[in-house]
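*Asks:* Residue numbers (the working numbering), protein chains in the order written: chain A, 1344 to 1671; chain B, 1344 to 1671.
Just so you know, the hints here were simulated from the structure itself, not pulled from any lab data. Take the hints with a grain of salt, since some may be wrong.
Okay, the calculated bits of chain A under chain B, using three or more residues with CB under 8 Å as the criterion [claimed, not checked]:
(1) 1482-1490
(2) 1557-1568
(3) 1605-1614
(4) 1618-1627
Source: prediction; values computed, not measured. A virtual CB, placed ideally from N, CA and C, is assigned to each residue, including glycine.
2 protein chains.
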Amino acid sequence: MTTPIRIGIVGYGNLGRGVETAVGLNPDLELVGVFTRRDPGSVATLGEATRVFPMSDLDEPRDDIDVLILCGGSRDDLPRQTPELASRFTVVDSYDNHAHVPEHVAAVDAAASAAGTTAIVSTGWDPGLFSLNRLFGEAILPQGSTYTFWGRGLSQGHSDALRRVPGVAGGVQYTIPSREAVERVRAGESPELSTRERHTRECYVVLEEGADAEAVREEIVSMPDYFAPYDTTVTFIDADELARDHGGMPHGGFVIRSGRTSDGTSQVIEYRLDLDSNPEFTASVLVAYARAAARLAAAGQHGAKTVLDVPPALLSPRSPEELRAALL
Amino acid sequence: MTTPIRIGIVGYGNLGRGVETAVGLNPDLELVGVFTRRDPGSVATLGEATRVFPMSDLDEPRDDIDVLILCGGSRDDLPRQTPELASRFTVVDSYDNHAHVPEHVAAVDAAASAAGTTAIVSTGWDPGLFSLNRLFGEAILPQGSTYTFWGRGLSQGHSDALRRVPGVAGGVQYTIPSREAVERVRAGESPELSTRERHTRECYVVLEEGADAEAVREEIVSMPDYFAPYDTTVTFIDADELARDHGGMPHGGFVIRSGRTSDGTSQVIEYRLDLDSNPEFTASVLVAYARAAARLAAAGQHGAKTVLDVPPALLSPRSPEELRAALL
């Protein structure tokens, strides 16, 4: 048995709890504890033995942590936190603001390269595993089209948007990939698809007392950007049903590359995720990349990396010899 | 425009022809020519401009080739050819004898490390892309089961076996994944599946004149290893139908990882290929890995590698900056 890789969790929401659980499924990893901006005494962890420390404990380098897994939000936390912590620790994050990934990588790379640490950023599934599959698809089938569909899944951003509508007491929104569009792509058709043809949106809404259902429905389905460009259905339910049937965070989706290698020869690659829990799955990806980050750091490969740069074998606890014998 | 990567094809059967076509789809690659054991004058290439050379032209190192793509067979050619050519050239192969991959890697690694060349072996889709997906699945979801299904696809080995049955003038065999088994795995059930429950086999057979159909059918379905462990159907057709409907080489399959991240939380990752042409797709994978091999060689990373060792970004002609902006 080799020495375990020692993991710290920074931030303890749904994602941080998922990382805590995922570390427990990997015998080669060891949890040092959770680091939080809250009062550590107020944080109830899933594991009884999990220790909770104030964030300020990370203000100095320390030799009992191999990798920090950063579980803050992409809007307010990670743009500042990842470069800052990468100047003292090897880190992994799931920064997911697609349009700003290049500047995030640049900022983290500057900090990590200067400090001699390793940072793997924007892991998770999109960006992350879906990015990898878009890469493999276009590299192997250069003549073709790539399609990404999301869902069926709970969208946090759209759920927040519908809850801001006057008269709405609560609710959730699911993104649904169009079955017809998916089937056309799978069949190798390479169709041009509008936004409306790719996904539909299903809203489950609890009304405030006395609210006008039709007015609420109209306000939701006509909301620019969020709902107007889609076929949106609104179903009114009561608070009990919301709590009972819509408390999970399922998600998933597809990346499909449809290409041709010669006249009339269609080749289709499909990657699909069907997730009961989006945060637990994202956490599982972060944890596998934390293992890779520890190994890259130990090999002196410093600076910022993404999933596109990491040799896949580094994700696995098994030796290269075992992997070759078992998986090839 | 950077200098093109110069590719040589060794062996010119279905796979070699696929590589010739695939190189033409990649503007950053340039085909030097085909190297064959046959009389070069007797080889009709797909491309009019493709040059054909005798294999002996590779007996000495030469500076006009960056990567050789080895398109010989795994039984008789590659075990000898890959180490031999790796001692003079950077090479890629699709060695697919799963049980012997470790010794193939070892033999090629000894040659390549000594010569300062790079060899990526056992690329293709299984081993290859399916191996990668088995790795990602078990690394991300350590608590779970991995299932590989093949087909619907033409199996060369089983087609050869049925053609050896007395009374058979011609025929093909398709491997079919059991729809019921695939659906159970997709649903996250993690079932124990026998060989018979995973795949069925469909044979299309042309009888020799005067042959006894029932005797032929019985001989096929009871053949040990090849057909006896499966539910096998035999359909008798005439030679015209065989030529008209069964001349393609479709294949594909699924790798499904079904895991749990916490009690009752099921997570499913599915990777699926649906290929009109198995050799053209395998060739496309070889060509993408040839690009990676050229880059690894240029970076001084010598010795034998497999798909598990190669950073995915190296497969793409695009720069790391472009990839991050476009795919993450």
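*Asks:* Each hint needs a verdict: does it hold in this structure or not?
*Replies:* Okay, the hints, checked on the actual structure:
1. 1482-1490: With 5 residues close enough to chain B, the hint holds.
2. 1557-1568: Coverage by chain B is violated for the segment 1557-1568 of chain A (0 residues, Cβ < 8 Å).
3. 1605-1614: It holds: at least three residues are needed, and the segment 1605-1614 of chain A offers 9 whose Cβ sits within less than 8 Å of chain B.
4. 1618-1627: holds (count 7)
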